[in-house]
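Following the hints, complete the assembly by docking chain S onto the known chain G.
Okay, here's what each chain looks like letter by letter:
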Amino acid sequence: MIFNIQRYSTHDGDGIRTLIFYKGCPLQCQWCSNPESQSFGQSVLYDSKSCKNFGDCALTVPEAISQNSNNGLEIKRELITDPEKLRDVCASKALTISGESLRVDELLAEVEKDLPFYREDGGVTLSGGEPLAQGKELVLLLQRLRQRSINTNMETSLHVKWALVERTIGLVNTFLVDLKHTDPVKFRQYINGNAHLVMENLEKLAYFGVNVVVRVPVIPGFNNSESEIQSMVDFVSTIKGINEIHFLPYHTFGVEKYRMLGMDYLFDSKAQLGEEELLPYIQYAESQGFKTKIGG
Amino acid sequence: MIATEQATKITERIAHLREKVLSTKPTVCTERARFYTEVYRDNEEQPVIIKRALALQKTLEKMTIFIDEGELIVGNQSSGHRAAPIFPEYAVDWLPEEMDELDKRPGDAFFITEEHKEELKKIAKWWKGKVLWDRGRALMTQELRDLQDSAIIKATGNLTSGDAHIAVDFQKILEVGLRGYFEEIELHHKRVDHSNREGVRKDKFYSALAIGLESFQAFILRYRDMAIYLSKESNDPHRVTELHRIAENCAVIAEEPPRDFYQALQLVYFVQLILQIESNGHSVSLGRLDQYLYPFYQKDLEAGKLTEAFASELLENTWIKLLSVNKIRPWSHTRFSAGGPLYQNVTIGGQTIEGKDAVNELSFLILESVGRMKLTQPNLSVRFHKGISEEFMMASMKVIEKGFGMPSFNNDEVVIPELINMGVEREDAYNYSAIGCIEIAVPGKWGYRCTGMSFLNLMRVFLATLHNGFDSQSGQTFQKGIGNFTNFSSYDELFKAWQHQIHYYTRKTVEIDTAVDTALEEHVPDILCSAFVDSCISRGKTIKEGGSKYDFISGLQVGIANLGNALAAIKKLVFEEGKIGREELMEALEGNFEGKEGEKIRQLLLNFAPKYGNDDDYVDLLLRDAYMEFIEELKNYHTTRHGRGPIGCRYYAGTSSISANVPSGAVVPATPDGRKAFTPVAEGSSPSSGTDLRGPTAVFKSVAKLPTEEIMGGVLLNQKLSPAAIQKDADKHKLISVIRTFFAELKGWHVQYNIVSRETLLAAKKDPEKYRDLVVRIAGYSAFFTTLSPDTQDDIIARTEHSLNF
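Sequence order for the protein chains is G and S. Just so we're aligned: the first sequence equals residues 18 to 313 in the numbering used here. Just so we're aligned: the second sequence equals residues 7 to 812 in the numbering used here.
This is chain G alone, in the form it adopts within the complex (with noise of 0.2 angstroms):
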């Protein structure tokens, strides 16, 4: 399931590039930016800024949802059976549905209509959720774009099981792997998962010979210290075959989505990173041999 196709993505590997998001994630971040790329299933999304209180969502579906006094809505979203019922019903778009099932041909006709911006070094980055946690498809839609020879990388935390991983070997011309911890302890405590794993994964990858660039995600009362940056470079040296090193600065773009989606945001919604405070972690790793980027 694919919530957003972004064009001209410039962050998220080289050149001009189409992302493809795909839904649902293993992890759950606190600090997610898409917070409605953590279910599998399709999600509800609801602006009350742009909500002009039509009533047609009520209508639609009233064991769920309400107008309330105040000229906005209660959403009870555990009772919407069918979310796809919502998604048309709406007409200023205050309440959307995230989530769409789209065939391989029909992303691939959408990735190919910027094939001209693509030239040497663009292409799709496939991002999400985790799209290494998709069936099918994704293999199939990666030989596809191997077969029109367009680059493909993808975004992705190695949280699934290795034969995941293994059968995209061969299709993907660069893994962006985001590294968002080596201690087991925060791991769990922050992410809901298994640290371990990721490690254990990037190390096979890397094996692998296919070209790696490890992200982390520089997040404020997670991983902001340079000790826990510095292990995590550490980890990495001990890996051959990964030159590569990006940070990425928390960022709260996100935080309205939470409110949209009727989700409490964990984190601090005010923390701000300059991108100064990331230099000495940007020093440690070119100190390490690393070439670094700042933002992807």
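By construction, these hints were calculated from the structure, which means they are not laboratory data. From a predicted model like this one, the values you see are computed outputs, not experimental measurements. Where a beta carbon is used, it is the ideal one built from N, C-alpha and C, also for glycine. Each hint should be verified, as a subset may be incorrect.
[Stated by the list, open to error] Take a look, some chain G residues computed to stay more than 10 angstroms from chain S by CB distance:
| hint | residue |
| --- | --- |
| 1 | Gly32 |
| 2 | Gln45 |
| 3 | Thr98 |
| 4 | Asp99 |
| 5 | Val177 |
| 6 | Lys203 |
| 7 | Tyr224 |
| 8 | Thr269 |
| 9 | Val272 |
| 10 | Glu273 |
| 11 | Gln289 |
[Stated by the list, open to error] What follows is a set of in silico ranges between Cβ atoms, one per label pair, in the way DEER data are often shown:
| hint | chain 1 | residue 1 | chain 2 | residue 2 | range |
| --- | --- | --- | --- | --- | --- |
| 12 | S | Ser395 | G | Arg163 | 31 to 39 angstroms |
| 13 | S | Asp797 | G | Asp200 | 26 to 34 angstroms |
| 14 | S | Ala672 | G | Ser242 | 19 to 27 angstroms |
| 15 | G | Gln84 | S | Pro423 | 23 to 31 angstroms |
| 16 | G | Gln84 | S | Lys682 | 22 to 30 angstroms |
| 17 | S | Pro796 | G | Asp105 | 25 to 33 angstroms |
Okay, now just chain S, sitting in the frame of chain G:
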């Protein structure tokens, strides 16, 4: 390429001169009006061309001139910086009517003394019934006057000023000098056969040219004398040397071809001034400055006579001097040209006539000096072509980053082949330049108004289409329709009704143009402008009489994106899906989408129909088809110069409508694209604001689906960029890469970039619907601004500079 970063600092002199012009409040100068009125009054027996020659002569002899402390390039259009001269022979009635309000205008305010007000009132009285405006209107049928008054077709600018939109043959001026023109004129004057009517007219034409050129020379020599006088007064030996140089420059170029870069640039500026004293048409452009000045630059540099730093200083001084030129327009026209622009275009880059990259060191110098000045003049255009270097594109990006909208890009890959296709000779086609904002012409060989100043309001025509031809704003039916929308049973019927209306209005734009052009030809012929355009002298004709080598013109069609979006919304929501009923739609439009039901229909129109700018064939092709009806119809007509000499004499389409989208929208009721009554329509060929949600590549693809090769009057595309989006070199390269695809492969016509300012972000926070397409970026991540939380929005606002313009 030589080091171009060298002169990154502005000298104290330039900083001072720049500040002086910027801080000068625009005023009105009455000198020109006084002299022109006197000469017209005292020479009533003379043919108009002689009257105008004598009037120009008197003005150039008597007008106040000055040389400012520190100036290297001299010359002034009127008695003060930014003092707009008055051109009473075009239109002057409006002045007494508006003079008490001039300083209170919300934009483009002018200050005028009580004494000057009195003088202008007297002048206006004398001109009653004699001006171009009255004469042009008198030439029109009642229907055409009604159409003009209805604001469906707007050609006010053409009748209240000269039409200009032209670049003269600077190359030749620099080669032969002013003396060269005398020789040529004399040669042809001698051969005139006085035994026929044509000969009598030609004789006067050549006499007028000679008077005009002599007065031009005398004008230049006044500056020589003034420089000598000032040098005697000055105690600063350095300034004395400079003044001597200025005097020498003027002495040489009054007669002979310039001998060096400095003199060449001074002469170019004088010509530019003279053209804007003779007539008040705007978009008088400098053409390919980096090409025709380069031989001088190169020679001086090699001879050690010139440094890059001094050349930069001269260029910067010239840009300030260009800003010093001013124009006052009636309020009705001002709204179409907000910001008081003169659109004096400088074009750089492109290809040589051999098809090689024409970028040279001077191109860099011009680009960077314009970037340092950050002024609204000149309007800088870069001609893109496949072989343009990454280095020059990067240098352009660095200027774009400064956020004053320059340079804009024109595309050789579409313009040159199409010019050749239109009958322009190969070497002329390769030598085209931008004129005014984005339109194009071959400098020195093309007639006036390659595009500009007559506006067709497409959405008014579209609304008339829905109402059986009835125009609700004027209460008239100009062209009876083939039925009401409520009776149409299919999209095809709607389209037929559109054809019926647009063919009529297309013809009417030509009819209005024809009346206007006839009046311009008869009453305000330009003398020097004709002298400097090929082949006026050899033919013995002014440009308007058919003197130019080429003649193609266009008006401007306003509301492009709205037209496509309206068609798509009706086709899909009314005829295909039945989501909106025909009566329901018409009621909602009439009620301006008021009430909950009206608003719901507006939301459906906005959100459930494809929008131009998202690379969606559905709407893009509907727009193309609808616009083609105008374009094809236009091919049936010729300009008034047809059969009188020039190649072409045809019309083509144009969309470079500047700020016309605001006043054009102000006279259009609610439209089926979900636009509310009297709000702006979309500008140029850009998507409607807030509707392009698929990013710049999708916008490029939509725009490229327009029949760009038919819209030689310009396919204007404005794009917004967040400042952070091109801060890093890697990002600049990515933007260049997209531009390369747009131009080289998709054959796009033009693009220019505005850097999003703090003001825009504040407006977007307040009114998200209009800014849904606004993308902002912080390190490595982009998002639609209006989707962000208020806190994050505030944070981004806090990080964004105030409007980057001075």
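Against the structure, the hints come out as follows:
1. Gly32: Gly32(G) is in fact no farther than 10 angstroms from some Cβ atom of chain S, at 7 angstroms.
2. Gln45: 20 angstroms, holds
3. Thr98: 24 angstroms, holds
4. Asp99: 20 angstroms, holds
5. Val177: Holds, since 24 angstroms exceeds 10 angstroms.
6. Lys203: 23 angstroms, holds
7. Tyr224: 29 angstroms, holds
8. Thr269: 5 angstroms, violated
9. Val272: Val272(G) not clear of chain S: closest Cβ-Cβ about 4 angstroms, inside 10 angstroms.
10. Glu273: Given a closest Cβ separation of 4 angstroms, the condition is violated.
11. Gln289: Violated: least Cβ distance 7 angstroms, not greater than 10 angstroms.
12. Ser395(S) to Arg163(G): 31 to 39 angstroms: Given about 34 angstroms between the Cβ atoms, the range holds.
13. Asp797(S) to Asp200(G): 26 to 34 angstroms: 30 angstroms, holds
14. Ala672(S) to Ser242(G): 19 to 27 angstroms: 58 angstroms, violated
15. Gln84(G) to Pro423(S): 23 to 31 angstroms: 59 angstroms, violated
16. Gln84(G) to Lys682(S): 22 to 30 angstroms: Since Gln84(G) and Lys682(S) have Cβ atoms about 26 angstroms apart, the given range 22 to 30 angstroms holds.
17. Pro796(S) to Asp105(G): 25 to 33 angstroms: 29 angstroms, holds
Hints 1, 8, 9, 10, 11, 14 and 15, counting from the list given before, are not met by this structure.
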